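Chains as they are written, first to last, in this note's numbering: chain C, 1 to 115; chain V, 1001 to 1112.
Derived by calculation from the structure, the hints in this document are not laboratory data.
Just so we're clear, the structure is a prediction, and the values are computed from it rather than from any experiment.
Be aware that one or more of the hints could be misleading.
Just some of the chain V residues that point at chain C, by a computed CB distance under 10 Å [stated by the list, open to error]: (1) Ser1027; (2) Ser1031; (3) Tyr1035; (4) Gln1037; (5) Gly1040; (6) Pro1043; (7) Thr1048; (8) Ala1092; (9) Gly1099; (10) Lys1104; (11) Gly1105; (12) Ile1109; (13) Ile1110.
Ideal Cβ positions, reconstructed from N, Cα and C, are used throughout, including at glycine.
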Amino acid sequence: ETGVTQSPTHLIKTRGQQVTLRCSSQSGHNTVSWYQQALGQGPQFIFQYYREEENGRGNFPPRFSGLQFPNYSSELNVNALELDDSALYLCASSLAGFPSYNEQFFGPGTRLTVL
Amino acid sequence: TQLLEQSPQFLSIQEGENLTVYCNSSSVFSSLQWYRQEPGEGPVLLVTVVTGGEVKKLKRLTFQFGDARKDSSLHITAAQPGDTGLYLCAGAGGGGADGLTFGKGTHLIIQP
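Kindly generate the complete structure, drawing on both the sequences and the hints.
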């Protein structure tokens, strides 16, 4: 069984740039969620994708967007980067269905630094 | 907006001591999960509790879900240095599509 993988591990960008982060879901999982974890905080939900459609979103602006592909891998895109976007970005995969307790399995994260 | 408050925020104790971490909310959750996160890594799922009043044990760790499904606790018996890490509680709403609501976490250090 393959776990959740993310790339790149670290990334440095400047304010105003755009960034794409990638995630490969755990084998057999059909749902992917993205979280932002600022230093010293718990993860905050950005959005969730199921069957290539966004089906849930947290309190993040539209410049945060995503994609899910037929093989259930996923991308997180952030446009017009701001300094406050500096954080650890976590991808989590899960299996939708009943019973579903929304147990999510996280990747190691991508550390984004915006200068 | 659902919020989860974790306490204490920081805890440093000696090896062999017992400790309890609390996770409280004014909202009802369909399930609650506990994760442990080490520096530079993603959170690792420890346990999921679903039923009000449920108690689950994982070796020296005991997890409890409140009767009203608004709060939870994690109790560690005879803590060891390997227990050091960030412990996060996360609540799931009924719909599942809203993602998990995380607390800020408890930074636990077990000194040898």
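Checking hints one by one. Is V:Ile1110 an interface residue toward chain C, by the C-beta closer than 10 Å rule? 20 Å, violated
Cut-off 10 Å, beta-carbon criterion: hint that V:Gln1037 touches chain C: Hint holds; V:Gln1037 Cβ to chain C Cβ min 8 Å, cut 10 Å.
Once the shortest beta carbon distance from V:Thr1048 to chain C is found, is it less than 10 Å? At 5 Å from the nearest chain C Cβ, V:Thr1048 passes the 10 Å test, so the hint holds.
Under 10 Å, Cβ to Cβ, is where V:Ala1092 needs to be relative to chain C, so tell me if that hint holds or is violated. Because about 4 Å separates V:Ala1092 from the closest Cβ in chain C, which is inside the 10 Å limit, the hint holds.
How about V:Tyr1035: closest beta carbon in chain C under 10 Å, or not? Holds, because the Cβ-Cβ distance from V:Tyr1035 to chain C comes to roughly 8 Å (cut-off 10 Å).
Status of the V:Gly1099 interface restraint (C-beta, 10 Å, chain C): Holds: closest Cβ of chain C sits about 3 Å from V:Gly1099, inside 10 Å.
Does V:Gly1040 pass the interface check with chain C, least Cβ-Cβ distance below 10 Å? Since the shortest Cβ distance to chain C is 7 Å, the answer is holds.
Under 10 Å is the threshold here; is the Cβ of V:Ser1031 close enough to any Cβ of chain C for the hint to stand? Holds, about 4 Å.
Closer than 10 Å between Cβ atoms is the bar; does V:Ile1109 clear it against chain C? Give me holds or violated. This hint is violated: V:Ile1109 lies away from chain C, its Cβ roughly 15 Å from the closest one there, beyond 10 Å.
Let's test the interface hint: is any C-beta of chain C closer than 10 Å to that of V:Gly1105? Given a least distance of 5 Å, the restraint on V:Gly1105 holds.
Interface hint check: V:Pro1043, Cβ to nearest Cβ on chain C, cutoff 10 Å. Holds or violated? 5 Å, holds
Have a go at the V:Ser1027 hint: is there a Cβ in chain C nearer than 10 Å to its own Cβ? 14 Å, violated
The structure shown violates the earlier hints numbered 1, 12, 13.
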